[in-house]
Every structure is written in structure tokens, then in C-alpha cells.
Amino acid sequence: MRVVMVASESAPYLKTGGLGDVIHSLSKALTKLGHTVYVIMPKYAKLKRNVERKVKEGIKIYIDHQWREFDLYEDILDHVRYFFIDYKPYYGREYAYAPPKGDYYDNALRFGFLSMASLQVIRELELKPEVIHIHDWHTGILPLYKSLYYPDLERVPVVFTIHNAMHQGIFDAHFLPALNLPWEVFHPYGGIEFYGKINFMKAGILFCDVLTTVSPSYAEELKAYCYGLEGVIREKKYFFGILNGIDYDVWNPEKDELIFARYSIKSFKKGKLKNKTHLKEIFGLKTENYRPLIGIVARLTAQKGFDLIFSSAEEIVKEGFDMLVLGSGEEKYQEMLVELSKKFPNSIKARIEYSEELAHKIYAGADMFLMPSLFEPCGISQMIAMRYGTVPVVRWVGGLKDTVKDFLKDPENGTGFAFENFEPGDMISALLRARVFYDMEFCNSEKVWSEIVKRCMRQDFSWERSAREYESAYTTARVLRFYDS
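For the sequence shown, the residue numbers in our numbering are 1 to 485.
These are calculated hints, taken from the structure and not from any lab test. Heads up, a few of these hints could be off.
[Claimed, not checked] Cβ-Cβ distance ranges computed for the label pairs, FRET-style:
1) P345 with N413: 52 to 62 Å
2) P188 with A224: 16 to 26 Å
3) E281 with N180: 53 to 63 Å
4) L258 with D106: 32 to 42 Å
5) E52 with D307: 39 to 49 Å
6) H174 with R123: 48 to 58 Å
Virtual Cβ for every residue (Gly too), placed ideally from N, Cα, C.
Kindly produce the complete structure, drawing on both the sequences and the hints.
Following this line, the structure appears as C-alpha cells:
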């Protein structure tokens, strides 16, 4: 099957969160199953990998009241062919989506451009996809453009994946003419109007053939509440929750060249201790190694539960935990994290950045991985943490519910510790429950903690399973489009 992915980012070229990992890993997994995969994304100013081969120049599309030209670049990685849309007025900026103080004012045009330009690339390069797979609101308007302006692609189905429904791409209605969209599509029932504004995600849901999201539990949550789009989602007959996976070629403590000491399920005790010592040296944390070390790698947003973390920080320190945080994001959370590090310099350390190397080191060196998410569509960090034998402590919501089994509820299969209410006391209780078993091993030689660690490391969250489910979604979309055409 020939699959064209259209997305706003993909690792290793640009990654701001889980979306980037998913695009790269899913594309790679699909090629291993024998499919041909193309990925189309913007050529941002700060790609992490050099992209120098120009495929075509001067490709034209009509948007923002005029014909605009862009160049197309290409790279091949892991047998996936990547195309990069080079239009510097939109993508030659310091940030991919938004500077720290807020979104770019013209994001509607920047990502409307991505959607239409991607369709033009498909046409002009004659890629002849059997399915187009689009991701999140940034590409949500693509199937509408396809139905309006690309009759030659009419028989090509579109699968739309929602990675995070909180961000929907909502813009003022005055962008409609600039987006080259007729006012006839701007109405609430069956149209893209959303409380007087344009909603890119609504467009994707309405005009795609098959809708998916990134975990079964999150799919059920979106049917109940989706920030105003739950009614539209409930009307979608073909809606599947497909759990994300992780790339074990990248996340593997036995082969990981970014960590201090490689280890396996047989040697994790010595290996994790060496990595813990090294990690604490990097962050300047000088406490004893018997103290449990909490690791956090996340975007600094409300979604990731940082309000809960900040309100509980003093209690976390009093209970004898150390905590290392790696991430960047909203300015207020960055400032709060800096203040927290100053207030508890002997127990809490933070790096306001995203570093792939440091992320690997935290997964390998921490004892526990904290994810107190307000909501979590899928979550990849808890899967990675388990692969490295770092026990997750999570709020039982969305994909965290699908991937982490609470040890106290299921001692035979438990892989972590969970809490349900978004309350500081509940999170502290979950950490203390984990602490009991951690201390039992290091103080009384009980082996329960080691058994939990081993169980974590044995979990299989490989992409092959997920890729096969996407195969089924693609087949469903193709059948639906065949009978609809």
C-alpha cells in the first residue's frame, strides 16, 4: 500500500512532543510491513538533520489572495521518503508553532498552506497514494481542500488521527477568504464553523473517511467530552482508538549509546545505579543514592500536570524524594520551575530545554517516572520509562490507563502506581505507595521492587502491533471511499 503521511513535524528532523516520535516510528514500522510511505512536512529553519536535495522548485498554489511559490526538498531515512515544503515566509522562523509568549498570529495560513501544498505535491509528483494519513489540527483542513480543488484525488481516502484534542486550530472567521475557502462551508452543522470561528480539527473530523486517536481509553473520553466537538465525534461511525508504540531501535538500554552504562533485564541493578550516579552529577544533585529519584521529561504545560507538581513540591521534598525535570514550554511554568529549583536546591533540579541525550539519561537513571497528567491522549514517556526499568507513577487517565497496571490493584501484573483524582494528596499517596516497595528492597532486601522493574522491562509496546491496526484502518477507509465514489 502507498501511504502519504502529512504532519507538522517528525523526528528526527523536528520534534516538540510525542507527535514527532509517532510520525517517524509509525512510518518506519509500516515500511517494515512492506508498505511504501511518504511523509510531507514543512522545511523549518531549525531542522535537526540536514536536508539539501531539492526535488522541485516553483510549485504554485493559490492562498492568501495570491499565487504563492514554494520549493520542495527530499530526504530518505529508514526507507521512508520525506518531502519538505520550503516556504520561508511561513516556515523560516525561529519556532515551529509559537514563541514562548503565544501562537504566531498567522498559524491559520501557515498550516492551511501545508495542507494545500501537500495535495499539490501529491499531484505534481504523481505519488498516487492509496491512502492519505493526516495528523492533528495542523492538517485537518486537507480533506476539505481535497474535496473542493482536487477532483483527481477523489478516490483517495483520508485517515485523520487526533493526537491531542485540546488544540483544535481555532481561528477568526476573517481567515476564510485568505484560506481560499467558500463561505458555504462556514456553518455549524456539517460545516467548519465553531462558535463563530473556523475550526481546523472539526474540518478533519467531518471530511475524513476514518477517524482515529492514539489510545482506546482516549477514544472513549473524546466521545464523552472533546472541548465542544464530542457531538461531531459521536456521529463518526468509523472511529478507532489505536495505541501508540515506541521504537525499540531508539529506546533500548542494552544498545543505547546516549546513556552512561548500558544494561539489560539481568544487569539492571548495577546499570541503573551507575546511570543514577552519573545523572545526579550532571544536574549537580549531591544527595545519597538510596533516596528515590523521580524523573520527569515533558512539555511544560498544564496538560502534563505541572500545577499539581508545583503545589506538591514541598511535600515531595519533605517525604525524602529527589526530583529532576527536563522540559520547555509555557513561560509561566518555566519561571515556576526555576523558582522551585532555587527554593529546594538540594532536592530539585531542572533544565529548561529539550535535550534528546538528557532525556535518555533521565529514563535510565531515575527510579520513578512521574506523569500526573490532567489528561493524556496516549503518552509515550511512560512506555519508554518502563523499557528502562523506571517505574511509572501516573494519573490513571487516557493512554496511561491503557499502558500502566497499578501494582496494588493487580499485584500479579502491576507495572506502576496510579491515582485517579487530580489532587495533590492523591499524587503524594501514589508516590508514597511506590516508596514503600522501593524502601523495602533497599532497607530489608525484599525483592518486590526488582520484580516490578523486571515486569516493566518485559512490556511490549512495539510499533508493529500498532502499525497492523493502522493497516486495518487504511483498508476500512479504502473500502468506504470505493463504495462512496
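Earlier hints that do not hold, by number: 1 and 6
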